[in-house]
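Protein chains in written order, with my numbering: chain A, 1 to 372; chain B, 1001 to 1521.
The hints are simulated quantities; they were obtained by calculation from the structure and are not laboratory data.
Computed from a prediction, not measured in an experiment: that's the story for all the values here.
Among the hints, a few may not be true.
As the list claims (entries may be wrong) - Far from chain A, by Cβ distances over 12 angstroms, these chain B residues were calculated:
(1) 1040
(2) 1060
(3) 1118
(4) 1150
(5) 1176
(6) 1179
(7) 1191
(8) 1193
(9) 1224
(10) 1299
(11) 1333
(12) 1393
(13) 1462
As the list claims (entries may be wrong) - Derived EDC-like pairs (lysine to aspartate or glutamate); straight-line CA-CA distance at most 20 angstroms:
(14) B/1342 with A/29
(15) B/1026 with B/1136
(16) B/1059 with B/1020
(17) A/265 with A/308
(18) A/265 with A/194
(19) B/1342 with A/177
(20) A/339 with A/275
(21) B/1223 with B/1204
(22) B/1150 with B/1054
(23) A/322 with A/308
(24) A/166 with A/29
(25) A/111 with A/146
(26) B/1342 with A/123
(27) A/93 with B/1352
(28) B/1223 with B/1504
(29) B/1342 with A/194
(30) B/1059 with B/1173
(31) B/1342 with A/187
Just so you know, even glycine gets a beta-carbon here, dropped at the ideal spot from N, CA and C.
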Amino acid sequence: MTRAAPRRRMLPLLLAVCVFMTGCWDRVEIDQRGFVVGVGIDEPDKKEEGKGDEDNQKNNQSDSNQMFRVVYQIVMPAGLSTNKGGGDGTGGKAYFNMAVEENTMATSMAKLSQRLSRAPFFEHLKVIIVSESIARKPKKFAETIDFFLRESQMRRSTRVMVTRDKAVNIFNTHPPDQRLPSAYLEELSDNTKESTRILPESRIGDVHEFLLKHKSFAIQGVQNGNRNFSTVTEAAVFNGSSNQLVGFLNPMETAGLNFMEGNVKGGQIKFTFEDRLGVFSIERMSKRLECKFGPDNMPSFTFHIRVEGAVDEVFHAPDTLKEPAINKMEEAIQGEIVKLMTMTTNKLQHEYNCDVMGLREYLFHKHYRWFQ
Amino acid sequence: MEHNGQPLEQPSIPSASVRDNMAYIKQLLGAPSDLLIRTFLTAEGEKAAVVCIEGLVDKQVIQNQVISQLMLTGGSSFVRSEQREKTGQMDDEHSNSMFTHASETERLALQDMRNSADWDDIVLTILSGDAALFIEEMEEVILIGSKGWKSRAIEEPQTESIIRGPRDGFTEDIRTNTTLVRRRIRDPHLRFDSFCIGRRSRKDIVVAYIDGVVNPMLVNEVKRRINTIDMDDAEGSGFIEQWIQDHYWSPYPQIINTERPDKVAGALLQGRVAVLVDGTPFQLILPITISSFIQSPEDYYQNWILASVLRILRVFAVFVALFLPGLYIALLEYHHGMLPSKLAFSVAGTREGVPFPAVVETFLMEATLELLREAGVRLPKSIGQTIGVVGGLVIGEAAVTAGIVSPVMVVIVAVTAIASFAIPSYGFAISIRLMRFLIMIAASVFGLYGIVLALIINCIHLVNLRSFGIPYTAPLAPLRLSDWRDLIYRLPVIRLSHRPEILEPMDSKRLSKGSKGKRSQ
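Here chain A stands alone, though its shape is the one from the complex (with noise of 0.2 angstroms):
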């Protein structure tokens, strides 16, 4: 008893140890982190780099000692609150861009946060935006992006983009309605319904996959439209053998793209019917494949697209009950369809050699002998 005494007393106090040693540890203030929303990796500007061996760098392009100029846009909460009681009222901003020089993507953001005093926090993400000239040499992409596939904090959900311009100034450009030039990236890339020339949002989760499987793939493609606007209407192609940026779809040959991947999800078509203009606006599409094999044992594809929509701007006027006019008119769009397909087939197919459309995980699904 005399014994037993004391050990029970210790009981509290060992759960009361337990408890709080064990908890708070990771306890941070939401006040206390900075938001990264967006990521932008660009190359080091010569001028300012100024040193000797950077002509060498740039030859040598799988060169490990690659420096990356990143860009972190970072929210500055208080700006974005639209707090009555707040002295500003004139549109202060709402986020800051602040740019580290380092060769891998890890140490740039240890960088980062020695400049910053609230830790940055990857968890609200929106897109990492990688220049065309980092792209374009073998494997860096992959390289850039594999930092925000490990990381724990990392969505897989973020958007990666490429964009011919620099990624700085993509992040210095929003429209007067949006605080957040990442958030407004964001949600224009998902406006797929509305247009035919945006290819559906590209994860970094998916491109990940495209990566792995070596697939090539086409991801969003971002450009700089002036000061108050960006478009992301169009493509980066990406080969997935050699793992670099092959080169662009402009917006007529994503749309195409989007008809043969079957992602059409609206959007309008211009057409001419007895030398007028028409609009037909799509509300849905399907897709189906077709494969033949010709007498060399080539396969040859063929794609099958089925639209449905309405007519929406004719300037010709013409009766619509009839149905001979409605035949024209779908002849016509059709033929504008299969006109954006035979251009972006074309530049895949000839001058890109990258298949995006995955004809060749159909014929590894579906003909499986011939492909072996």
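For chain A, the structure is supplied; the task is to place chain B on it using the hints.
Here is chain B on its own, set in the frame of chain A:
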């Protein structure tokens, strides 16, 4: 009887002398100022005395029905008639009067009368508001039911008001309360079993149930537990509730109290037992399950769809009242990635410049809220409303402008408070308040993980609870699908064909065989 002084030499049977008896009573009660003793001579010339307590008796009854009747109208003598009975002389007087060999109870035009020869009984009866009539040379005492003290009128229940439904509520008077129940159930099997508890207070309590519906084992258990009550005074029903409940260390009430007679009647018809306690408008219903706390009598007066939606709303309210501040802490301190981005940014923006961490902020505001609530209860009704305004609006607004708390915090506190008021049972709402603070502590130490731990601990505790042997989480945890008809949702009345199965009633059918409900099944 116990006394402070030397033990009285207590005659167990009243003596034949009125004077001796009066002396004894005066000595026993210490001749208090409210003791009324009226000695008089009956028309027959017998010495008689009426003893009662002023304020407890209806003086009119004593005066008109007892004293004046005995003094004026006369009739045959009690004693003589008694003696005659004893000596077997009744045949001689048979033709004289109808009172000749009548016992004394027949001479008074009163309903509630009985004889007693036991001092304990007599004194208790006097002290509980009846009158005792002593007559010279008679060895029995006539006890006259003349209770008539001032009691509150039947009013609308203060704590459980509903929109549609009866407006009468229990009062402090047990007789009124049994009446209110009896008026709703005219079943001859409705039983009111009386008990007298409290060594000194001798309080009346009534165990009400419907014989043939309720499980007799349950009634026996309730009676057994009530018989074990051994204390000076069972003040209110709370003492009794705490004495007879299964787990006194649990924060959750295992017996529900109500001011509504319709709720009691409904519970009786379900096969439950009610304990009506004198001196309080709060009567007890038992056994209960956790679902009883989200149910309100109004559910049955309304359309079933509406009632079901309201019940779901109340379940939601329980969860909000329990978890919201804890979630706020956990999300703001640990899991910033779990908030939608825009919400995270705006919360972070509003917290800009708030000096305290979210934990301190939350505890501060919740404590303030509890203070306000407590203050509102203490204050008179007219000022109580001011407290609400001052507390809710002024303090909230001022705290935000002063930058002590963030506006989001005020929203959280307000929503939590409103949610906890939406819970129909006040007792349960208090338990929820308590558990909320536990969950807040857990959340501040471990984040969401802590909330889940606290929830698990809570669940383990809840499934272990029993209310008079009935599992507390009954139709959910020991699954009784047929009881689900009246649980979170309430099916149409014709579908409620059976009493709750978990109560194991003797008569489980609520609807008769030929009724609609039966046919449609």
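To see whether the hints hold, each was checked on the structure:
{"no.": "1", "hint": "1040", "in the structure": "holds (72 angstroms)"}
{"no.": "2", "hint": "1060", "in the structure": "holds (65 angstroms)"}
{"no.": "3", "hint": "1118", "in the structure": "holds (52 angstroms)"}
{"no.": "4", "hint": "1150", "in the structure": "holds (53 angstroms)"}
{"no.": "5", "hint": "1176", "in the structure": "holds (50 angstroms)"}
{"no.": "6", "hint": "1179", "in the structure": "holds (53 angstroms)"}
{"no.": "7", "hint": "1191", "in the structure": "holds (49 angstroms)"}
{"no.": "8", "hint": "1193", "in the structure": "holds (45 angstroms)"}
{"no.": "9", "hint": "1224", "in the structure": "holds (35 angstroms)"}
{"no.": "10", "hint": "1299", "in the structure": "holds (41 angstroms)"}
{"no.": "11", "hint": "1333", "in the structure": "violated (5 angstroms)"}
{"no.": "12", "hint": "1393", "in the structure": "holds (17 angstroms)"}
{"no.": "13", "hint": "1462", "in the structure": "holds (22 angstroms)"}
{"no.": "14", "hint": "B/1342 with A/29", "in the structure": "holds (17 angstroms)"}
{"no.": "15", "hint": "B/1026 with B/1136", "in the structure": "holds (17 angstroms)"}
{"no.": "16", "hint": "B/1059 with B/1020", "in the structure": "violated (24 angstroms)"}
{"no.": "17", "hint": "A/265 with A/308", "in the structure": "holds (11 angstroms)"}
{"no.": "18", "hint": "A/265 with A/194", "in the structure": "holds (8 angstroms)"}
{"no.": "19", "hint": "B/1342 with A/177", "in the structure": "holds (15 angstroms)"}
{"no.": "20", "hint": "A/339 with A/275", "in the structure": "holds (17 angstroms)"}
{"no.": "21", "hint": "B/1223 with B/1204", "in the structure": "holds (14 angstroms)"}
{"no.": "22", "hint": "B/1150 with B/1054", "in the structure": "holds (11 angstroms)"}
{"no.": "23", "hint": "A/322 with A/308", "in the structure": "holds (18 angstroms)"}
{"no.": "24", "hint": "A/166 with A/29", "in the structure": "violated (34 angstroms)"}
{"no.": "25", "hint": "A/111 with A/146", "in the structure": "holds (18 angstroms)"}
{"no.": "26", "hint": "B/1342 with A/123", "in the structure": "holds (12 angstroms)"}
{"no.": "27", "hint": "A/93 with B/1352", "in the structure": "holds (15 angstroms)"}
{"no.": "28", "hint": "B/1223 with B/1504", "in the structure": "holds (18 angstroms)"}
{"no.": "29", "hint": "B/1342 with A/194", "in the structure": "violated (24 angstroms)"}
{"no.": "30", "hint": "B/1059 with B/1173", "in the structure": "holds (18 angstroms)"}
{"no.": "31", "hint": "B/1342 with A/187", "in the structure": "holds (12 angstroms)"}
Violated hints, in rising order: 11, 16, 24 and 29; the structure is consistent with all others.
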